[in-house]
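Asks: What follows is the residue order along each chain.
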Amino acid sequence: MKKLGFKIWLFIIVFLLAMVSIFVSSNGIAFFQKGVLITGIEQNSSAFEQGLRQGQIITSLNGNIINNLTDFSNYIQEKFPSEEEVKLVITTKEASAVLYSNNAPDITVSSIPKTSLKTGLDLAGGARAIIGAEGVELTGQEATDLSDIIENRINYYGLKDIKISPFSDLSGNNYIRIEIAGATPKDLESMIESQGKFEAKIGNETVFIGGERDVASVCRNDATCARIESCQQDSSGSYYCKFIFTIYLSEDAARRHANITGDMEVNSTNPEYLSKPLDLYLDDSLVETLLINKDLKGQVTTQIAISGSGSGTTEEEAYDSAEANMHNLQTILITGSFPYQLKVLKLDVISPNLGSNFTKAILIAGLVALISVALVVFIKYRKIKQSLAVLCMGLSEIIITLGVAAFLNINLDLSAIAGILAAIGTVVNDQIVMLDEAKRRDTDSSIKARIKKAFEIIVGAYLTLVAAMIPLYIVGGGLLKGFASTTIIGLTLGILITRPAFGEVLKRMED
Amino acid sequence: MEQNQETHKKNWQDKHYKNLLLIPIVLLLFSLVYLGIFYSQHNDIFLKDISLTGGTSVTINGKLDITLLENELVKEFGEVNIRKVSDLITGEQLATIVETTASSEDTKAFLEEYLGYELNEENSSFEFSESSFTRDLYRQLILALLLAFLLMTIVVFILFRNFVPSLTVVFAVLMDIIMTIAVIDILGIKISTGGIIALLMLIGYSVDTDILLTNRILKRHEGTLNEKIKGAFKTGITMTLTSLFAVVASLLVVKSFSAILTQIFLIISIGLLFDIVNTWITNVSILKWYVNKKENHT
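These protein sequences, in sequence, are chains A and B.
For the first sequence, the residue numbers in the working numbering are 5 to 515.
For the second sequence, the residue numbers in the working numbering are 354 to 651.
Quick caveat, the hints were computed from the structure, so don't treat them as lab data.
Note that the structure is a prediction, hence the values are computed from the model and not measured.
The calculated lysine to aspartate or glutamate pairs, modelled on EDC-like cross-linking and capped at a C-alpha distance of 16 Å, are:
1) A/Lys364 to B/Glu445
2) B/Lys641 to B/Glu580
3) A/Lys347 to B/Glu458
4) B/Lys572 to A/Glu460
5) A/Lys364 to B/Asp440
To list a few chain B residues with every Cβ distance to chain A over 10 Å, as calculated:
6) Val427
7) Phe430
8) Ile542
Heads up, the beta-carbon is just placed ideally off N, CA and C, and yes, glycines get one too.
This is chain A alone, in the form it adopts within the complex:
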């Protein structure tokens, strides 16, 4: 038996690395892992402070072993919500947190993925939005700034697992792309589309606006200064709930407040208050009118109570609505308004529920395609060894491409999968060229020379195909980048690794 050549060793090593990249993660071999994966955790929650992080694996709750998602949700549903505080010990490999609460912990989890492959939006579910400014052509810098502002607002809003990035297209238009994996927040669209222009006015004069210039700090998540105050039913049967929270103005804004109120009269009908109220506008519509206590006249006061309300057909609904409105207003007061009215140009919200069916169909399609290729090869050449070699090389090329995709964190969406299929088609074509060159008997050139000739053709085809893929990188906001990436990766690895190895195999078969 001749020793294996360098090219075959290289192929074997790359193949093994690809398997490692697909099946082994920092947590070990995912296939054998038990537990549930933390996908989201609130930054300033007690669990976070005690060391729990996104990406860790929960192995037990209060000492009960958690094997999978069902175990986890069964245990949580059994314990929460409860009348009294429940002690909950969450254990991961890295940390252990002890929580006391009436409600389920604010942690989102999922089952541990079996591989490191990341499926894209159209298979795994989630949301993707492409955003532009209404009536304005954004420059590259403006898009970058805007994407920072959006990110800031979204972070304050407490949404997790979101990727935001500016991008430009071939004609130089600039946009912002937002991607959310898994569950989609219900109010994503309204949050983006509301510019969040907050103004507090007395008469026509602006006292302060949202954002850090005027608003020094906002009380949040603290029931002593931010809460739902009262709920009432009105004559028509609807419920209203009122919220109130405290904000602290900057020196400048407080002085402005003093100057404006200094000239004001006391209200004649209601002498406790000043003649004009403080009107709160959100995106140019009046949301709340606050009466100003007469004692505040001309005072440099930094502390102001902001109130508002929410309504609903039931008390619970009104409460939730008030809470959401408060949250929204707090976020806007902290982060300020977007410099433009934003416009959602594309919004895809994909249910994760059909994905598994879809993945199954694609796997079957791939398998059927490979088998039919092997069949055609067998019918043509009547050689079981060669047909098997073509089949094996095809399969290993898929695995190597997937391995690199996992390593580079490429999301495998439908277009990326189509790209892998395109690359496979080329693998097979190239191998046929090589098989035919190898078996040519009409020349006296060596097998080595013949394989070299085959490579001339293969490299030529490779270069044209890669050239054809390059424009896709910059087109359409990278919506088709997945396709171009997987095709180019597949083809390049093919030409560098699998094709030379296949050439070696052919030489050995000939010898």
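Following the hints, position chain B against chain A.
Replies: Quick look at chain B alone, frame taken from chain A:
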């Protein structure tokens, strides 16, 4: 006797290869005329689906009576598209896909009223594209297609450094694409972003065999011209047939499931069929003409 037939066949090929060019020329002329008429009627060479015109696509998970829903939708929105997604093996309906040119709110509101329940991410998917954005996307995809073609042309010219053969390869690919687009239009297919991707893939697939042929004819020294063509044909047709088999097999699998992949595979199948004509008639004939002429000169 056999020998006779062989020489007779060869003579026939050698005599008539120029006439054979009539087949692709007629196909090309027909395609161009058809596309011209099509363009004058639609102001574009494609019919586009909502991924390129803007609108909303909703996937409602679960079983639903399509015809009933379609009637109601047509009353409300005019032009709509509706189709089923079914399980690959059991054929059971898994979901319904509705496409309208309306906004996502309007479509959602109407569907919720019709269905009598709220649509959320558990039971449905929404894809909305604004029309100005998709118009731009379409323009760019066409641009990408042209750029891809241009880059491919440059690479081919660098590869062969020989004007007529390089131009022939590029021309054969171009004819593939034009004929494929004509068939897409004849079949009334509304092209999606996936369809444009398919045309890009087609550039790659069709250029493969042309490069094989040109390389064998120009860069090999052993054997006669006809032998070289025959050798290239044997390899090339196997390549095209395996691709075609694989693509058609995949097409049958994904047909009930994904409209995008179905369209991609359908377009590639059509293109591969034309590739057989354009490589083994168009490209072969012109190349043969070119080589013969050159040999006569020397």
